[in-house]
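Student: I would like the entire structure built from these sequences, with the hints used as guidance.
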Amino acid sequence: MSEQTGKQLSKEEKDARFEAELLPVLDPLYNFAYRLTLDEDDANDLVQETYLKAYRFFDYFEQGTNAKAWLFRILKNSFINEFRKKSKQPAKVDYSEVEGYYNTDDVEGENGVATTTDMRSESVQDLIGDEVASALNTLPVDFRTVIILCDLEGFTYEEMAKILDIPIGTVRSRLHRARNSLKEKLEKYAKTMGYNS
Amino acid sequence: MESKFTEMYQKEPAEEKDGACEQVADMLDSVVDGEASAEQQTFFNSHIEECVTCFENHQKQKLLKSLISGHLKRVIVPASLAQTIKAKIQESI
Ligand SMILES: [Zn+2]
Numbered sequence: 001m002s003e004q005t006g007k008q009l010s011k012e013e014k015d016a017r018f019e020a021e022l023l024p025v026l027d028p029l030y031n032f033a034y035r036l037t038l039d040e041d042d043a044n045d046l047v048q049e050t051y052l053k054a055y056r057f058f059d060y061f062e063q064g065t066n067a068k069a070w071l072f073r074i075l076k077n078s079f080i081n082e083f084r085k086k087s088k089q090p091a092k093v094d095y096s097e098v099e100g101y102y103n104t105d106d107v108e109g110e111n112g113v114a115t116t117t118d119m120r121s122e123s124v125q126d127l128i129g130d131e132v133a134s135a136l137n138t139l140p141v142d143f144r145t146v147i148i149l150c151d152l153e154g155f156t157y158e159e160m161a162k163i164l165d166i167p168i169g170t171v172r173s174r175l176h177r178a179r180n181s182l183k184e185k186l187e188k189y190a191k192t193m194g195y196n197s
Numbered sequence: 001m002e003s004k005f006t007e008m009y010q011k012e013p014a015e016e017k018d019g020a021c022e023q024v025a026d027m028l029d030s031v032v033d034g035e036a037s038a039e040q041q042t043f044f045n046s047h048i049e050e051c052v053t054c055f056e057n058h059q060k061q062k063l064l065k066s067l068i069s070g071h072l073k074r075v076i077v078p079a080s081l082a083q084t085i086k087a088k089i090q091e092s093i
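These protein sequence lines are chains A and B, in that order.
The numbering of the first sequence is the numbering used here, which starts it at 1 and goes up by one.
The numbering of the second sequence is the numbering used here, which starts it at 1 and goes up by one.
These aren't lab readings, by the way, just hints derived from the structure by calculation.
There's no promise every hint is true.
To be verified - Listed below are the simulated BS3-like cross-link pairs for lysine-lysine, each with C-alpha atoms no more than 30 Å apart in a straight line:
id: 1; chain 1: B; residue 1: Lys60; chain 2: A; residue 2: Lys185
id: 2; chain 1: A; residue 1: Lys14; chain 2: A; residue 2: Lys76
id: 3; chain 1: A; residue 1: Lys183; chain 2: B; residue 2: Lys60
id: 4; chain 1: A; residue 1: Lys183; chain 2: B; residue 2: Lys73
id: 5; chain 1: A; residue 1: Lys162; chain 2: B; residue 2: Lys86
id: 6; chain 1: A; residue 1: Lys183; chain 2: A; residue 2: Lys162
id: 7; chain 1: A; residue 1: Lys11; chain 2: B; residue 2: Lys86
id: 8; chain 1: B; residue 1: Lys88; chain 2: A; residue 2: Lys76
id: 9; chain 1: A; residue 1: Lys185; chain 2: A; residue 2: Lys162
id: 10; chain 1: B; residue 1: Lys65; chain 2: A; residue 2: Lys76
id: 11; chain 1: B; residue 1: Lys88; chain 2: A; residue 2: Lys14
id: 12; chain 1: B; residue 1: Lys65; chain 2: A; residue 2: Lys185
id: 13; chain 1: A; residue 1: Lys183; chain 2: B; residue 2: Lys62
id: 14; chain 1: B; residue 1: Lys60; chain 2: A; residue 2: Lys162
Tutor: Next up, the structure:
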C-alpha cells in the first residue's frame, strides 16, 4: 500500500500525521492567538494561517519533536508579520469596572475585610479570572506573551527562547519585567485578597 | 556566579543577609518556574528558612504564577475551526 520512500510522505500519511500530531494543539494555539490579538476573529484567522503554513512545511517538522513549540513559533511569526499592525488595542474588560464591582460587594472597607472572603466561592473565582485577564491584557504584547508561554502553557525557558527567537537571558529578563508589571496591576486586588504587600 | 552561591551557602546566611537576599531575589523566577539548578535550589531553600522577607517574596511569586495558571479563563475554540482548517488545507493543495 504505502511505500516508505525516505522522508517523502504520501498525502494520506501526511494528512494522518498532521491530524494526529498537530491538530491536538488547536486548543492551546487558539488560546495563545486570542491572548495576542485579543480578538476572536483575528485569533481564528491567525490559527488558520498557522495550520496552513504548518501543513506546507510539514516535511521540515521532525516527528517526535515538540509539535506544540513548533506551532507556537509559526503562530508567533505570523502574528508579528501580519497581525501586529492591525490588531486591536487591549482592555476589553474595563479594569476599574471590575474593581468597582469588588468594592460594592461585601469586601468593602479598609481593614481586615479580606478574611471574610472565601477564595473558593464561585463568584470570587470568576472575578479573579476576569481581573487577572484584564490586568494581563493591559500589558504590552511582549510581556503578555512570555507570561502566557511560561505560566499558562508551561513552556521551559529554552522552549520559549526558540519560540520567540531570543536568547534565554532575554527570556529571563523579559519574564521578570513582565511579572513586575503584572504585580503592579494586581496589587490592589492582592490586598483585597488579604495578602499583605 | 555559581561559585558565589556555594560561597554564600557555606557561610552563615544571616551574616551575609543583604548579598544573599539579593541573590535569592534574582533566583525567584527560576525557582517558581522550576528552572533553578540543584545548587541554586538548595541555596534558596536554606535561605528562605531563615529570612522572612525572602520567604514572603517567594510566596507572592508563587501566588502570581498560580493566578495565571489557575485563574485565567481559557477561551473556547470555535466548534467549526478544526473542520475549516482541514477544508482549507485540502483546497490549498
Ligand atoms: Zn533574604
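Student: So, against the hints stated earlier in the document, which numbers end up violated here?
Tutor: Violated: none.
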